[in-house]
Amino acid sequence: MAEKIKQAEKKFSPRKRRPLKRREFFRLTALSSGFIASLPSILAAKKSVPLTQPPLTSSRFDPWIELNLDALYWNLKKIRELSKVQVMAVIKANAYGHGLTEIAQALERKRISFVMVGKLQEAFELRENGLTTPIFNFGPFSAQETRDIIRYQIQQCVFTREVESLNETARRYYQKAQVHIHIDTGMGRVGVDYRHALPYLEKVSSLSNIEIVGVSTTLTEDPEFDREQLQRFLSLCRQAEKKGLVLGLKHVVSSGGLLTLPEGYLDMVRPGIMLYGYYASDKSQAEDKLQLQPVLSLKCRVYAVKTFQPGDSISYHRAYRVTSRERIALLPIGYSDGYPLVTPEKSFVLIRGKRFPIITKPTANHLEVRLGSDETVQAGDEVVLIGRQKEETISAFELGQWANTSVYKVLINLNPRLPRRI
Numbered sequence: 001m002a003e004k005i006k007q008a009e010k011k012f013s014p015r016k017r018r019p020l021k022r023r024e025f026f027r028l029t030a031l032s033s034g035f036i037a038s039l040p041s042i043l044a045a046k047k048s049v050p051l052t053q054p055p056l057t058s059s060r061f062d063p064w065i066e067l068n069l070d071a072l073y074w075n076l077k078k079i080r081e082l083s084k085v086q087v088m089a090v091i092k093a094n095a096y097g098h099g100l101t102e103i104a105q106a107l108e109r110k111r112i113s114f115v116m117v118g119k120l121q122e123a124f125e126l127r128e129n130g131l132t133t134p135i136f137n138f139g140p141f142s143a144q145e146t147r148d149i150i151r152y153q154i155q156q157c158v159f160t161r162e163v164e165s166l167n168e169t170a171r172r173y174y175q176k177a178q179v180h181i182h183i184d185t186g187m188g189r190v191g192v193d194y195r196h197a198l199p200y201l202e203k204v205s206s207l208s209n210i211e212i213v214g215v216s217t218t219l220t221e222d223p224e225f226d227r228e229q230l231q232r233f234l235s236l237c238r239q240a241e242k243k244g245l246v247l248g249l250k251h252v253v254s255s256g257g258l259l260t261l262p263e264g265y266l267d268m269v270r271p272g273i274m275l276y277g278y279y280a281s282d283k284s285q286a287e288d289k290l291q292l293q294p295v296l297s298l299k300c301r302v303y304a305v306k307t308f309q310p311g312d313s314i315s316y317h318r319a320y321r322v323t324s325r326e327r328i329a330l331l332p333i334g335y336s337d338g339y340p341l342v343t344p345e346k347s348f349v350l351i352r353g354k355r356f357p358i359i360t361k362p363t364a365n366h367l368e369v370r371l372g373s374d375e376t377v378q379a380g381d382e383v384v385l386i387g388r389q390k391e392e393t394i395s396a397f398e399l400g401q402w403a404n405t406s407v408y409k410v411l412i413n414l415n416p417r418l419p420r421r422i
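FYI, in the numbering used here the residues of the sequence shown are 1 to 422.
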């Protein structure tokens with residue numbers, strides 16, 4: 001019996017990997033090089049996300065998102081006209097809740113210069129879905145991921161010694177890894193400290209299999225300090241260029257600085273929230289100098305309409321007490337879909353072009369809306385939670401005010417599983 005157990009353990013125990021022989025290594029290297037060389041044709045053959053979707057039927061109650069690409073293109077046009085430089089579109093966090101692949105492919109049709117993601121997995125997903133536009137990953141990477149960074153031709157943000165592992169992998173596969181060096185000029189977050197950055201720039205420039213595509217920094221969105229940050233950045237760049245270093249594209253300004261720091265446009269700007277129709281500050285939102293157009297609408301359909309009598313109550317802990325005969329619309333959307341925790345009685349939805357108040361805190365899957373004297377609303381009616389209906393509009397910015405949160409959180413927190421329709 002003991003012998004049989006040993007044989008079984010031997011049979012199912014994991015095998016140790018044997019080291020590659022020299023010929024095998026070069027064969028794998030050649031195969032990898034061939035794959036990388038053929039990447040553009042492989043990507044071109046990939047199918048893109050269709051731009052047309054079947055119309056919704058009245059039987060569909062669950063929430064969905066609609067994307068207005070004309071609005072996206074309008075916003076991009078306004079940003080290009082304002083900056084007159086290259087644009088790196090920020091599509092991190094599922095394109096601010098809009099849909100990563102849908103937005104990236106739409107921007108590619110308008111010949112966007114770069115797209116920026118916040119995680120490598122987003123970059124890989126875009127390549128798998130056929131995107132050929134240069135992709136800049138602002139997020140971290142490990143030595144184990146360097147092969148895929150090169151394989152998928154991802155431009156990587158670097159500011160640590162990890163760049164050496166990227167260089168080594170690129171050397172093994174006879175490739176050049178493309179990078180953007182990020183400088184911390186006062187944000188205190190990502191980047192090499194500007195006071196000690198010159199030796200790092202020299203080090204990266206000396207790596208034989210690294211190509212510096214750009215150098216960048218992140219502003220704090222404090223107008224006065226942003227100018228100080230810009231001067232720190234430009235001073236460093238001048239020192240590096242005096243030493244003969246080639247730094248590539250200089251990019252500093254995101255949505256926050258597009259309206260406040262025109263001297264920071266340099267070679268490229270990095271708009272995020274502005275692409276989607278909103279501004280980075282309440283002041284800019286109120287002024288709306290560029291007349292931006294929101295791209296996203298959030299909708300569902302009335303699930304049921306119920307009539308309540310005095311003494312009835314609604315939701316957990318009897319949150320809403322009925323004092324007179326009322327018609328209440330039940331909506332199949334809640335915080336599990338990413339709808340924020342708005343304040344009851346001070347928050348609204350649109351049905352048949354009218355505003356109706358939300359009467360209880362959102363639960364995981366439901367909202368309740370008071371219809372008042374309206375007798376026309378019925379099950380199956382379209383409900384707009386973000387967007388326009390007839391002459392009325394609810395923006396993500398306004399929704400954020402009702403929930404005491406930012407427009408960024410309203411959009412980014414929308415559940416990725418919600419259908420995105422174009």
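Bear in mind the hints are in silico, worked out from the structure with no lab data behind them. One or more of the hints may lead you astray.
Straight-line alpha carbon distances no greater than 25 angstroms define the calculated DSS-like cross-link-like pairs of lysine-lysine that follow [unchecked claim]:
(1) K77 x K110
(2) K306 x K242
(3) K243 x K306
(4) K250 x K77
(5) K110 x K306
(6) K84 x K203
(7) K119 x K92
(8) K289 x K361
(9) K289 x K242
(10) K283 x K346
(11) K346 x K84
(12) K390 x K84
(13) K92 x K78
(14) K242 x K78
(15) K110 x K92
(16) K346 x K289
(17) K77 x K361
(18) K78 x K289
(19) K119 x K84
(20) K250 x K176
(21) K409 x K289
(22) K306 x K283
(23) K250 x K119
(24) K346 x K361
(25) K77 x K92
(26) K203 x K176
(27) K119 x K409
(28) K77 x K289
(29) K283 x K243
(30) K243 x K78
(31) K306 x K250
(32) K92 x K390
(33) K92 x K346
(34) K243 x K346
(35) K78 x K354
(36) K283 x K203
(37) K176 x K78
(38) K203 x K242
(39) K346 x K306
(40) K110 x K283
Exercise. Which of the stated hints cannot be reconciled with the structure, identified by number in ascending sequence?
Worked result: 2, 3, 5, 6, 8, 9, 11, 12, 14, 16, 17, 19, 22, 29, 30, 31, 32, 33, 34, 35, 36, 37 and 40
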